[in-house]
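2 protein chains.
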Amino acid sequence: MITVMRYGHRPMRDKRTTTHVGLVARAFGADRILLAGTGGVPKSILDVVDRWGGDFRVETVREWRRFLRDFQGTRIHLTMYGLPLGETIDEIRERSLKGDLLIFVGAEKVPPEVYEWCDYNVAVGSQPHSEIAALAVFLDHLHRGAELECEFPGAELRVVPSERGKEVKEL
Amino acid sequence: MITVMRYGHRPMRDKRTTTHVGLVARAFGADRILLAGTGGVPKSILDVVDRWGGDFRVETVREWRRFLRDFQGTRIHLTMYGLPLGETIDEIRERSLKGDLLIFVGAEKVPPEVYEWCDYNVAVGSQPHSEIAALAVFLDHLHRGAELECEFPGAELRVVPSERGKEVKEL
Chain L
11 MITVMRYGHR
21 PMRDKRTTTH
31 VGLVARAFGA
41 DRILLAGTGG
51 VPKSILDVVD
61 RWGGDFRVET
71 VREWRRFLRD
81 FQGTRIHLTM
91 YGLPLGETID
101 EIRERSLKGD
111 LLIFVGAEKV
121 PPEVYEWCDY
131 NVAVGSQPHS
141 EIAALAVFLD
151 HLHRGAELEC
161 EFPGAELRVV
171 PSERGKEVKE
181 L
Chain Z
11 MITVMRYGHR
21 PMRDKRTTTH
31 VGLVARAFGA
41 DRILLAGTGG
51 VPKSILDVVD
61 RWGGDFRVET
71 VREWRRFLRD
81 FQGTRIHLTM
91 YGLPLGETID
101 EIRERSLKGD
111 LLIFVGAEKV
121 PPEVYEWCDY
131 NVAVGSQPHS
141 EIAALAVFLD
151 HLHRGAELEC
161 EFPGAELRVV
171 PSERGKEVKE
181 L
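For the record, the sequence lines run as chains L and Z. Be aware that the first sequence starts at 11, since it is given in the numbering used here, and climbs by one per residue. Be aware that the second sequence starts at 11, since it is given in the numbering used here, and climbs by one per residue.
No lab work stands behind these hints, which were simulated from the structure alone. Here the structure is a predicted model, which means the values were calculated and not measured. There may be inaccurate statements among the hints.
As the list makes no split between identical chains, a pair holds if one copy fits it or if it spans any two.
[To be verified] For lysine-lysine, the following BS3-like pairs were computed, each having C-alpha atoms within a straight-line distance of at most 25 angstroms: (1) K119 to K179; (2) K176 to K119; (3) K53 to K179; (4) K119 to K108; (5) K108 to K179.
Pulled out of the complex, with its shape left as it was, chain L reads as follows:
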């Protein structure tokens, strides 16, 4: 099971980026997102799960520190200050075959204990960019691109890939 923990969700300011993080988590093969803090759950994530299928879960967790500290599995913190993705991903993939993963994704400044508690601090490039991009590329490397062909059971809608225009099948 792959859990994404989204830290620093401030309801007003971060609503759209949290939505992006949630949709990326789902589309790239994570099983759930935990929103750390008191912000509500963006409705647009739930709408996508409803219409596009799968059993991706969206939850909030107030005691995120305890949850992260006591998590049974491999904890990965995505940060531009960490070790390169290329040096760590094979080991993390090995671990994912034997147990659960938690991927910690920050928005605002991340408290220092996160760097300590996580088993891996991983940099998707050492340049400032976007936690949304970092999560997508991390999951894409973890699954070696196979997640892009994933099917979502129970969908009402499915895209029929096309060279021009939009084709959507209602199921």
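Got chain L sorted already, so can you dock chain Z onto it with the hints?
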């Protein structure tokens, strides 16, 4: 040369996502971003270029339709309705060795002529997620991950990758 064209930048609503798109374009090896429309340039992109190096350019273009239509090179529209990334990326990479690329990234609804004018409509997965993620994964596949080790000349700051914590070198 790789240009990213960001369509549908509404200054208030999209400022943060446009910033993410711009930073991802830079970090994943594009040369410039063109903001289509009348919104200003987010200062945070320019700040990153100043401090973290490289010669990434940020420009606005009012006549984006004409620019896209008349662009000399290969035009790629990232859309969940397009052809799978895996089926198109090798051909696009081939073309990128011989000429320029323009990658069109939408936010709001994209006008139908974009689907017509672009040489490729490419889906980074056929699930709804994020134009930020789509751009990052597209560029990562285009460069086969090599962009993550790219150096940015003229930087004031450089990250020293570390297992725990943050180490930044001032240059």
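Hint by hint, here is what the structure shows:
1. K119 to K179: between (42 angstroms within a copy, 19 angstroms between copies)
2. K176 to K119: between (40 angstroms within a copy, 12 angstroms between copies)
3. K53 to K179: within (23 angstroms within a copy, 42 angstroms between copies)
4. K119 to K108: This pair counts as neither: shortest intra-copy Cα distance 31 angstroms, inter-copy 42 angstroms.
5. K108 to K179: neither (37 angstroms within a copy, 37 angstroms between copies)
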